[in-house]
Amino acid sequence: MLYSEKVMDHFTNPRNVGEIENADGIGEVGNVKCGDIMKIYIKVDKGIITDVKFKTFGCGSAIASSSMATEMIKGKSIEDALELTNKAVVEALDGLPAHKVHCSVLAEEAVKAAVKDYYDKNGIEYDETKFCDGDCCHCSKHSEE
Amino acid sequence: MRIYADNAATTKVSPKVIEVMLPYFDKVYGNPSSLHTRGQEAAEALYEAREKIASLIGAEAREIYFTSGGSEADNQAIMSAARAGAKKDKKHIVSTKFEHHAVLHTLKRLEREGFEVTLVDVNENGIVKAEDIEKAIKEDTCLVTVMFANNEIGTIQPIAEIGALCHEKGVLFHTDAVQAAGHLDLDVKALSVDMLSASAHKFHGPKGVGFLYCKRGVVLKPLIEGGAQERGKRAGTENIPSIMGMAVALEEATSKIKENTEKLIPMRDKLIHGLEKIPHSRINGDKEKRLPGNVNICFEGIEGESLLLLLDAKGIEASSGSACTSGSLDPSHVLLSIGLPHDVAHGSLRVTISEETTDEEIDYIIKSVGEVVEYLRGISPVWEELIKGKREFILK
Ligand SMILES: Cc1ncc(COP(=O)(O)O)c(C=O)c1O
Chain S
1 MLYSEKVMDH
11 FTNPRNVGEI
21 ENADGIGEVG
31 NVKCGDIMKI
41 YIKVDKGIIT
51 DVKFKTFGCG
61 SAIASSSMAT
71 EMIKGKSIED
81 ALELTNKAVV
91 EALDGLPAHK
101 VHCSVLAEEA
111 VKAAVKDYYD
121 KNGIEYDETK
131 FCDGDCCHCS
141 KHSEE
Chain B
1001 MRIYADNAAT
1011 TKVSPKVIEV
1021 MLPYFDKVYG
1031 NPSSLHTRGQ
1041 EAAEALYEAR
1051 EKIASLIGAE
1061 AREIYFTSGG
1071 SEADNQAIMS
1081 AARAGAKKDK
1091 KHIVSTKFEH
1101 HAVLHTLKRL
1111 EREGFEVTLV
1121 DVNENGIVKA
1131 EDIEKAIKED
1141 TCLVTVMFAN
1151 NEIGTIQPIA
1161 EIGALCHEKG
1171 VLFHTDAVQA
1181 AGHLDLDVKA
1191 LSVDMLSASA
1201 HKFHGPKGVG
1211 FLYCKRGVVL
1221 KPLIEGGAQE
1231 RGKRAGTENI
1241 PSIMGMAVAL
1251 EEATSKIKEN
1261 TEKLIPMRDK
1271 LIHGLEKIPH
1281 SRINGDKEKR
1291 LPGNVNICFE
1301 GIEGESLLLL
1311 LDAKGIEASS
1321 GSACTSGSLD
1331 PSHVLLSIGL
1341 PHDVAHGSLR
1351 VTISEETTDE
1361 EIDYIIKSVG
1371 EVVEYLRGIS
1381 PVWEELIKGK
1391 REFILK
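Heads up: the protein sequence lines correspond to chains S and B, in order.
Our numbering numbers the first residue of the first sequence as 1 and each following residue consecutively.
Our numbering numbers the first residue of the second sequence as 1001 and each following residue consecutively.
Isolated chain S (complex conformation):
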């Protein structure tokens, strides 16, 4: 089998699918040209992510990675969400095939982009270098390994 049971579960029954109206932060990363786009919406209350939803255009592992990432940050503090790594997403999914690891990177970046948007909207200062520009096709920040 190409994917673990966990991946298939999150792919066929994705958690937190949808949009949030009046979201406090929206992050979108990826590029249709490359075949993956992830969009994550967060609702924040007193520094806690109280709700999160996503929409993803992409392969099975992209959908599963977004689903897993949203589960992992729901109910967590903004700071904790920023600590989410693609590696943690891969582990939680019981692994991804090597050529699909970039999907978990997209999930990490989508979460960060949503937080960045939240910071921007609320005039909160942050360290720019911690965030990507969202052009995942030509990303050099992450290795695919």
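Hints listed in this document are in silico derivations from the structure and should not be mistaken for laboratory results.
Virtual Cβ for every residue (Gly too), placed ideally from N, Cα, C.
There's no promise every hint is true.
Straight line, CA to CA, 30 Å or less: simulated DSSO-like cross-link-like pairs of lysine-lysine [stated by the list, open to error]:
| no. | chain 1 | residue 1 | chain 2 | residue 2 |
| --- | --- | --- | --- | --- |
| 1 | S | Lys-121 | B | Lys-1287 |
| 2 | B | Lys-1016 | B | Lys-1097 |
| 3 | S | Lys-33 | B | Lys-1221 |
| 4 | B | Lys-1388 | S | Lys-33 |
| 5 | B | Lys-1367 | S | Lys-6 |
| 6 | S | Lys-112 | B | Lys-1287 |
| 7 | S | Lys-46 | S | Lys-76 |
| 8 | B | Lys-1287 | S | Lys-87 |
| 9 | S | Lys-76 | S | Lys-130 |
Some chain S residues flagged as far from chain B (calculated, every beta-carbon gap over 12 Å) [as the list claims (entries may be wrong)]:
| no. | residue |
| --- | --- |
| 10 | Pro-14 |
| 11 | Leu-82 |
| 12 | Asp-127 |
Knowing the structure of chain S, use the given hints to seat chain B with the ligand on it.
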């Protein structure tokens, strides 16, 4: 329910073929190069298979060379023509943009060795024009290689026309007929081809066996060195069970071409009409000049791998040309060659049916694809932008 709709990838081996193969494992198991009775029995069987295949494509037995499949036949035809060409200082090859990788990668290799390769464009319907091939031919062209039918979009190329013009110009002509053999009538004389590749597993024969037709008088150089098998053109003890299976498979398939075509075309067209009704979709490839069992369609706003996996969960086994399924960043070169933008090419689906496909299965495929496309669009941010007018539809 499990529906196999990936017959362009490979086919089920026919029961008759399996039956024919069996004795060659434990009864007639001799090496055809051996002089004793058991060896000579195998040699006779091998000859019969060669004759049978030759007669099915209008060739002579000595013009058939058995190989390990379509890839090897393509490699050998091209490398051989290139080596022979280089001797006469002819180092230019003409082909098309949407050949199988067995051809394209071999041509890439020759390019690295100093050959010049012209890959002719195909039109938006996935057909190459004979006149474009003609225009690409130069003084130093040593080979033209054009596939008979495309493996992804099923479009059938004007091979007889290209063959005739190559003949006229005295340029060697090879066709990769892997998707055509056993599905379309093949007559090497009428087509004026010098070399033709075929592979058994695409016509209900076993995997790992194929053949190269090479016209008498055309130089053929070996790819694999060793013993004197295949008249010194392909070393290695012959895969007798598979070769016997391939001969019967081709005979069976060829005898059923008319019947199968009559059965498949209405089913294929029903599938096309059913799937086309899904909004913002597009059938890829000419609707008439296409293999009787091939349907290829793109859906805007979704990605092909997730479509495939969800169809598999519903019991439908199909294929896609998305980047995720090809293991690279780019979607299929075939879909790009007919002018599809990346965005749309990622959302492609190939359904290839066989004579075993039923009407009920066609209905179920149409219904299931509709459901899965709708579901995936529902979770796609691209689709959201398209319907909110923030992004423009490519497929109207
Ligand atoms: C058009 C075409 N050429 C070549 C091949 C390679 O054939 P084989 O799998 O027998 O090596 C295939 C099938 O994969 C094909 O569809």
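### Message
Of the numbered hints stated earlier in the document, which are not met by this structure?
### Response
Numbers 1, 2, 3, 6, 8 and 10 - these are the hints that the structure violates, sorted from lowest upward.
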